[in-house]
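Start counting the sequence shown at 2; every next residue gets the next number (the working numbering).
Worth flagging that the hints you see were computed from the coordinates, not collected in a lab. Glycine included, each C-beta is placed from N, C-alpha and C at the ideal position. Where hints are given, some of them may not hold.
[What the hints assert, rightly or not] Straight-line Cα separation of at most 30 angstroms, DSS-like style, residue types lysine-lysine; simulated pairs:
| no. | residue 1 | residue 2 |
| --- | --- | --- |
| 1 | K115 | K131 |
| 2 | K131 | K107 |
| 3 | K115 | K101 |
| 4 | K104 | K115 |
| 5 | K131 | K101 |
| 6 | K307 | K273 |
| 7 | K341 | K273 |
| 8 | K104 | K131 |
[What the hints assert, rightly or not] What follows is a list of derived Cβ distance ranges for each label pair:
| no. | residue 1 | residue 2 | range |
| --- | --- | --- | --- |
| 9 | S159 | W110 | 17 to 27 angstroms |
| 10 | E318 | H79 | 47 to 57 angstroms |
| 11 | G328 | L132 | 23 to 33 angstroms |
| 12 | S76 | S339 | 19 to 29 angstroms |
| 13 | A8 | Q127 | 50 to 60 angstroms |
| 14 | S321 | L119 | 32 to 42 angstroms |
| 15 | A137 | S304 | 53 to 63 angstroms |
| 16 | L233 | K341 | 32 to 42 angstroms |
| 17 | D212 | T45 | 51 to 61 angstroms |
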Amino acid sequence: MKIFLPAVVNFIPPDMTQAIKYFMEFCYLVRRSIQTEDTVARITHCLERYHHYRHIFVTTGVRPDGFSSLPLQHSADHYPRHICQFGAPNGLCSSITESKHIKAVKEPWRRSNKYNPLAQMLTTNQRTDKLAAARADFTDRHMLQGSCLSEALQDFLSLALDEAGLDDSEDGPGESEEQQGNAHESEGTAVEAGNDVDEDGAIEGPRVLGDVSLARQPERTYPRTLPELGLLFGVPDLTSLVSTFLYDQTHPEPLPDGSPAPPPCLPVQSIKVYHSAAATFYAPSDISGIGGMRRERIRATPSWFKGPARYDCVFAENDSTVEGFRGLHAARVRTFLSFKSGGVEYPCALIQWFSPVADEPDELTGLWVVEPDFDGDNRPFLRYFHQSQSLDAFKTYYVNKYADHHAHEIAF
Numbered sequence: 002m003k004i005f006l007p008a009v010v011n012f013i014p015p016d017m018t019q020a021i022k023y024f025m026e027f028c029y030l031v032r033r034s035i036q037t038e039d040t041v042a043r044i045t046h047c048l049e050r051y052h053h054y055r056h057i058f059v060t061t062g063v064r065p066d067g068f069s070s071l072p073l074q075h076s077a078d079h080y081p082r083h084i085c086q087f088g089a090p091n092g093l094c095s096s097i098t099e100s101k102h103i104k105a106v107k108e109p110w111r112r113s114n115k116y117n118p119l120a121q122m123l124t125t126n127q128r129t130d131k132l133a134a135a136r137a138d139f140t141d142r143h144m145l146q147g148s149c150l151s152e153a154l155q156d157f158l159s160l161a162l163d164e165a166g167l168d169d170s171e172d173g174p175g176e177s178e179e180q181q182g183n184a185h186e187s188e189g190t191a192v193e194a195g196n197d198v199d200e201d202g203a204i205e206g207p208r209v210l211g212d213v214s215l216a217r218q219p220e221r222t223y224p225r226t227l228p229e230l231g232l233l234f235g236v237p238d239l240t241s242l243v244s245t246f247l248y249d250q251t252h253p254e255p256l257p258d259g260s261p262a263p264p265p266c267l268p269v270q271s272i273k274v275y276h277s278a279a280a281t282f283y284a285p286s287d288i289s290g291i292g293g294m295r296r297e298r299i300r301a302t303p304s305w306f307k308g309p310a311r312y313d314c315v316f317a318e319n320d321s322t323v324e325g326f327r328g329l330h331a332a333r334v335r336t337f338l339s340f341k342s343g344g345v346e347y348p349c350a351l352i353q354w355f356s357p358v359a360d361e362p363d364e365l366t367g368l369w370v371v372e373p374d375f376d377g378d379n380r381p382f383l384r385y386f387h388q389s390q391s392l393d394a395f396k397t398y399y400v401n402k403y404a405d406h407h408a409h410e411i412a413f
């Protein structure tokens, strides 16, 4: 469903696209970790618009009987009120509340005589709770494990094993210690091997500022000079781009647009190329650690698993005072570099810019549409960017705010 909406545009009726848009917007809004009066109002609005546009599925014969027989569709009506009463249901499936509703309401009602059933239902629930508490107490006392026969057999086997252990007491401890040592050795090997695994996912620990770090090892098959790298990447002005980047890093005032950067005063040394970088950022609505931190890997490699190239796209901060995608840049990472100049190591990324085609999101899908930037010679507009300014990674050229829940919060 993450890429479903832009994929079906112009292939289905517009009302179907609108219905899918509002339903997906509703699903992503209710999954947010922080709910305000504004988001609850948006949830209610999306639900109303979805109910309006979903009639197209009835008139076209997709759902000729309507949606009344779908429990999950019915449960969506309760989300705005329950969010206000019980808090945000982030990560909770509505089927959980439905199952509790069956146990607490439907089943007690079926056991009643249907005449003034409320008192009967409450009595049934009280007795059910007492039975559950008694069962938990009996379980803690080990009173529900097996039967009298199994208890007698267990005592007999324990006695037989104790007698057999007396005969092997001389060899037992040594063998046990050896096995225990092997177990610790295997465990240590597994932990050590696990340290080399660097996958996307939750990061434990408190909330910290976002961070981007290059891969542990650079690629060793690339040239070590900027002109040769420029020819290899198809970027003949690579040296000029690095000079502009160094000027921006070492001077408080950036160069005016279009002004050439002066050559660096100190030589550029120890140039290394990387195919990936790990971005750690605060994303509590996605699968994250206790502090809400998450890590994703941004890749820029000419061959992904011996197949085609993979160049991920990123969100880069443009204006922190503006909310949503208006305060972000969309860019495609072409490569990651690090080099030294004046004894300082600079990690950076060569990126290609994308700009919105309009001042507002697309009216039909609600998504921003972008196109690549080109310079005066009709070449892709490229620039070096410090890696710490990358915020998030997404996998498509379309600015898809449904890529994950964090993207939905920042790219609206």
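Item to check | Hints violated by the structure (listed by number, smallest first) | outcome: 9, 10, 11, 12, 14, 16, 17
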